[in-house]
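Undergrad: Spelled out, the chains give:
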Amino acid sequence: MATDTRNLPAFISDDATFRTWGSGIAAQIAAMGLVQTSDTGQINWTTVARPSTFAYAGYEIWRFNDALQATKPVFIRLDYGIAGVADRPSMIARVATATNGAGTLTGQVGTSIGLLPGGSKTTGSTLTSFCSGSTSRLNLFTHVDLGGGASTWGLMVWVERTKTNLGVNTGDGIATWMASSNGVQFQAIPFAGTIPAVAAMNPAITLVSTAGAISSVGPNVAFSPTIVCLGKAYFASWAVYVDANISKLMPISIDHLGATHTLMPLGDTALVSGSMTYAQPTSAGLSFAILWE
Amino acid sequence: MATDQRTLPGDFTSDAVFRSWGSGISAQLAAIGLVKTADTGQIDWTTVLRPSGNSQQRGYEVWRFDDALQATKPVFIRIDFGSGIVSNVPGLWATVATSTNGAGTLTGQVGATRAAFSNQATTSAISYCSGSPSRLNLTTNTNLFTANTSLTICIERTKTSAGVDTGDGIVRFSNSVVSGATTGYQLVPFSGPILTEATTNPALDSNAGGVSALGTDVMLSPTVVFFGKALFASWCAYRNTEITGLTPITFTHLGATRTYMPFGITILGMTLQGSAYALAMLWE
Chain A
8 MATDTRNLPA FISDDATFRT WGSGIAAQIA AMGLVQTSDT GQINWTTVAR
58 PSTFAYAGYE IWRFNDALQA TKPVFIRLDY GIAGVADRPS MIARVATATN
108 GAGTLTGQVG TSIGLLPGGS KTTGSTLTSF CSGSTSRLNL FTHVDLGGGA
158 STWGLMVWVE RTKTNLGVNT GDGIATWMAS SNGVQFQAIP FAGTIPAVAA
208 MNPAITLVST AGAISSVGPN VAFSPTIVCL GKAYFASWAV YVDANISKLM
258 PISIDHLGAT HTLMPLGDTA LVSGSMTYAQ PTSAGLSFAI LWE
Chain B
252 MATDQRTLPG DFTSDAVFRS WGSGISAQLA AIGLVKTADT GQIDWTTVLR
302 PSGNSQQRGY EVWRFDDALQ ATKPVFIRID FGSGIVSNVP GLWATVATST
352 NGAGTLTGQV GATRAAFSNQ ATTSAISYCS GSPSRLNLTT NTNLFTANTS
402 LTICIERTKT SAGVDTGDGI VRFSNSVVSG ATTGYQLVPF SGPILTEATT
452 NPALDSNAGG VSALGTDVML SPTVVFFGKA LFASWCAYRN TEITGLTPIT
502 FTHLGATRTY MPFGITILGM TLQGSAYALA MLWE
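Which chain is which? The protein sequence lines are A and B, in order. Mapping of the first sequence onto the numbering used here: residues 8 to 300, in sequence order. Mapping of the second sequence onto the numbering used here: residues 252 to 535, in sequence order.
Note that these hints are calculated values from the structure, not bench results. Warning: the hint list may mix true and false statements.
Here are the in silico distance ranges between beta carbons for each label pair [as the list claims (entries may be wrong)]:
1. B:A413 with A:S216: 24 to 30 Å
2. A:T60 with B:A507: 57 to 63 Å
3. A:T118 with B:A413: 33 to 39 Å
4. A:A207 with B:M252: 37 to 43 Å
5. A:T177 with B:G418: 32 to 38 Å
6. B:V415 with A:A207: 34 to 40 Å
7. A:G178 with B:S442: 40 to 46 Å
8. B:P444 with A:M257: 25 to 31 Å
9. A:Y63 with B:T503: 45 to 51 Å
Some residues of chain B that are not near chain A, with every Cβ distance over 10 Å (derived) [to be verified]:
10. R309
11. D318
12. A398
13. L465
14. I516
Cβ atoms here follow ideal geometry from the backbone N, Cα and C, with glycine treated the same way.
Starting from the given sequences, assemble the full structure and let the hints guide the process.
TA: Okay, structure coming up:
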């Protein structure tokens, strides 16, 4: 397991900043232990040019590299591009269980989503890119404004195997959460059978008081786990908490999924409202904590 | 732990019928191991008259848990008996608290009073009760073909993920279909503020981004009680169409293999969102 935090260009002014931005993300994914596949046609960060608006310059395909990969393979395709404004980066994320070797995902293929910020920064500025993961997990939270404003900033690409309540990976499915100002989606992808439709919310039980939850008692603060439903309850590593209960971006150790784990509370960098819900049925005042190890 | 299933009247055509209904429920509470307190003023099933109007309380009983925790974390339950949406159909009111004044007034940490009303008369209906000295799970006035009649009251201690009672709080769930007496969920902690009653049960809609049935597996969503940490109540939610109603099932839940009663269409609306989820009640 690994973490990687770095600053990446926030204002894509030219080919060079586009390359620095995209190759930085690729380097973070590699640092987690994921493996870039040999699919043909993948983006070349030394030659690629910044695309025009609403366009993508190329893609990468990454795969898990754990023991289950041989029988329960997981592939992630990321397309790198530019949003509707020339200086704003954009990605498309999608997950599947196979690839045709030329960039097309096959097998059990999840729903793709475009991820992009809702605003522009200024020339030369950078934003933080958080990444944690392992050979079987990718929790990428990039283009993050540490001051908050998650309704504008922050792109989430979280992909991992379903887990037991003890945190042990299972071969039952893939939990995916993708989010940005452009929309949010959760999708559980089983290795066989019909793939559930995406939901515009994370499957965790809300901690808001109007739903009867008391999120903090004395020194105790509750984290609501993400429950992955595939005929029975599995788990993903990320959890939901009441933002006001914990200081943001200060890693904390909690008992979660059968062990003491370090989580990064994302606070108002991941605090959104409206239809972007992190818990059922409402998430006003809630934020995410991602596994930070 | 015990279960008690009996047929009780659901149409108060006389004082005798009302008495038969209420005393039957009272007998069920005793049968599962709860203890009726010595509070004065409790209903007398030999003399009480049937309701003369809708939503009318005719008297109450006060019950208490009888487990080891009762000495330090006492739980008292006041049940008011009366009429539902019209004078001749059942209505129940449930209130939980941590003490009583001995004359029927609950004190200490006192939860909200939640009504559960039948929406139509039924000549006879089944009353399902399961529990223990630290748990009351009652779904009464159940008609197999409709949700219109059922009244549900579930009260128990918070539990760990292994199903062990804790002294953190009392969880109360109530349900019926009548407007103003629909779902009520409340956690009553043994100390500290008591939140306003919620109108949804804290269980997940398993089909939002996931799938409730896959192959031979059918998911039951646990009721998660947040009190500075995740605790549990014994009742669950499941997709109504995926399990045959009113036939007990056995599955692994809260750390052990347990028997549950799925209530199908008789009790719906058991999750935070979505209406097609039914109640599965611990049936042992």
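Undergrad: Holds or violated: 40 to 46 Å for the Cβ distance of G178 of chain A and S442 of chain B?
TA: Given about 45 Å between the Cβ atoms, the range holds.
Undergrad: Is the nearest CB of chain A more than 10 Å from the CB of D318 of chain B?
TA: At roughly 22 Å from the nearest Cβ of chain A, D318 of chain B sits farther out than 10 Å, so the non-interface label holds.
Undergrad: Just want to verify: A398 of chain B was marked as not at the interface with chain A; is every Cβ pair farther apart than 10 Å?
TA: Since the minimum Cβ distance to chain A is about 21 Å, A398 of chain B lies beyond 10 Å and the statement holds.
Undergrad: Would the least Cβ to Cβ distance between L465 of chain B and chain A come out above 10 Å?
TA: 3 Å, violated
Undergrad: Is 33 to 39 Å right for how far apart the beta carbons of T118 of chain A and A413 of chain B are?
TA: 37 Å, holds
Undergrad: Within 24 to 30 Å or not, the Cβ separation of A413 of chain B and S216 of chain A?
TA: Holds, at about 27 Å.
Undergrad: Does the hinted range 57 to 63 Å hold for T60 of chain A and A507 of chain B at CB?
TA: 58 Å, holds
Undergrad: Honestly, do T177 of chain A and G418 of chain B meet the 32 to 38 Å range at C-beta?
TA: Holds, since T177 of chain A and G418 of chain B (Cβ atoms, about 34 Å apart) stay within the stated range.
Undergrad: Examine each Cβ of chain A, and state whether all of them lie more than 10 Å from the Cβ of R309 of chain B.
TA: 30 Å, holds
Undergrad: Does the Cβ pair V415 of chain B, A207 of chain A satisfy 34 to 40 Å?
TA: 37 Å, holds
Undergrad: Hey, does I516 of chain B actually stay past 10 Å from chain A on C-beta?
TA: 22 Å, holds
Undergrad: Cβ-Cβ distance between P444 of chain B and M257 of chain A: within 25 to 31 Å?
TA: 27 Å, holds
The structure fails hint 13 only (numbered hints given earlier).
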